[in-house]
Amino acid sequence: MKKLLFLTTLCCFTSLSYAQKSKLPYEIRWPLDEWKLNKKDDSAVRLVLNLQKAAENNDYSSIKTFISDSINITSPDGSRIQGIDAFEENFRPLIETASIIIRPQGWLSFKTKEKNDIVLLWTQEEIIDEHGNLNYYNAQEGFYIVNGKIQGINQWHRPRINPPSYVSRVNKIVDHLSNEFSLNSYIKDYLQDLYMRNFLKTSPLVKKAADNGEDVRKFWSTHSQSIRSELIKTFGQDNANKMLKSVNEFRKNNFKDKI
Numbered sequence: 007m008k009k010l011l012f013l014t015t016l017c018c019f020t021s022l023s024y025a026q027k028s029k030l031p032y033e034i035r036w037p038l039d040e041w042k043l044n045k046k047d048d049s050a051v052r053l054v055l056n057l058q059k060a061a062e063n064n065d066y067s068s069i070k071t072f073i074s075d076s077i078n079i080t081s082p083d084g085s086r087i088q089g090i091d092a093f094e095e096n097f098r099p100l101i102e103t104a105s106i107i108i109r110p111q112g113w114l115s116f117k118t119k120e121k122n123d124i125v126l127l128w129t130q131e132e133i134i135d136e137h138g139n140l141n142y143y144n145a146q147e148g149f150y151i152v153n154g155k156i157q158g159i160n161q162w163h164r165p166r167i168n169p170p171s172y173v174s175r176v177n178k179i180v181d182h183l184s185n186e187f188s189l190n191s192y193i194k195d196y197l198q199d200l201y202m203r204n205f206l207k208t209s210p211l212v213k214k215a216a217d218n219g220e221d222v223r224k225f226w227s228t229h230s231q232s233i234r235s236e237l238i239k240t241f242g243q244d245n246a247n248k249m250l251k252s253v254n255e256f257r258k259n260n261f262k263d264k265i
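Going from the sequence shown to the working numbering is simple: count from 1 and add 6.
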């Protein structure tokens with residue numbers, strides 16, 4: 007992602023340089039030499055990042071204060087969302103019910119000759135909807151800001167090749183249990199669902215707590231207790247204890263967890 011950001015920046019300023027020095031095969035549609043990089047004024051970037059944080063906090067009321075009534079969004083599939091009513095119809099249910107994890111990777115902010123702002127933002131995002139379905143992707147978004155309100159958004163999404171770390175973690179834990187206890191496919195699928203449900207519930211809470219400087223151990227404690235309770239209910243206390251002991255040893259040896 008850092009390489010992509012560097013290359014994008016390099017291309018922008020290389021285009022400016024060549025446009026001023028020589029005739030190119032194409033005419034530039036957006037005269038970038040009329041844009042100025044915002045080096046000191048971070049108000050536009052702050053607005054865009056506050057939007058991301060409000061989405062993570064399921065705070066639609068705050069999000070609406072950042073958005074212009076004449077908002078115009080080009081979605082990743084090319085469809086258009088125009089006007090605040092369409093924005094609310096398309097985004098409010100998701101924002102208020104989903105668990106959203108956003109990890110900004112980089113941003114650039116420009117001032118146009120009309121004194122409006124353009125912010126380019128690169129993120130990694132994970133969306134867990136109200137039904138527990140996980141979607142994860144890399145995103146690049148362009149924000150057009152007029153008079154302190156976001157008036158335009160252009161979105162590009164690309165699926166991530168590698169899943170979030172907790173997905174790989176669950177897969178390794180369940181594979182270990184399956185091999186250790188010779189589990190059939192039905193039991194393996196059940197454990198996959200059990201662990202994934204709990205990780206999908208806990209991970210967004212842990213990120214929010216960490217971002218706010220809070221102690222995350224209480225969330226992981228609740229996470230562990232939830233898994234333990236369901237294992238006991240399903241397999242009985244003796245079998246559950248054996249499984250958990252095996253998992254803990256596996257975690258210490260493979261993830262370097264301190265238990």
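Source of the hints: derived by calculation from the structure; they are not laboratory data.
Treat the hints with caution; some may be incorrect.
[As the list claims (entries may be wrong)] Result set (DSS-like, lysine-lysine): computed pairs, CA atoms no more than 30 Å apart in a straight line:
{"#": "1", "residue 1": "K70", "residue 2": "K117"}
{"#": "2", "residue 1": "K70", "residue 2": "K45"}
{"#": "3", "residue 1": "K251", "residue 2": "K264"}
{"#": "4", "residue 1": "K42", "residue 2": "K117"}
{"#": "5", "residue 1": "K59", "residue 2": "K70"}
{"#": "6", "residue 1": "K155", "residue 2": "K194"}
Comparing the hints with the structure gives:
Straight-line distance between C-alpha atoms of K70 and K117 comes to about 23 Å, which keeps the hinted pair within the 30 Å bound. For the hint pairing K70 with K45, the CA-to-CA distance comes to about 27 Å; that is within 30 Å, so the pair holds. With a CA separation close to 14 Å, the supplied pair K251 and K264 stays within the 30 Å bound. Between K42 and K117 the alpha-carbon distance is near 5 Å, which keeps this suggested pair within the 30 Å criterion.
In summary, the hint linking K59 to K70 is supported, as the alpha carbons are separated by about 13 Å, within the 30 Å threshold. For the given pair, K155 sits about 50 Å from K194 by alpha-carbon distance, which is inconsistent with the 30 Å threshold.
Of the numbered hints given earlier, the model fails hint 6 alone.
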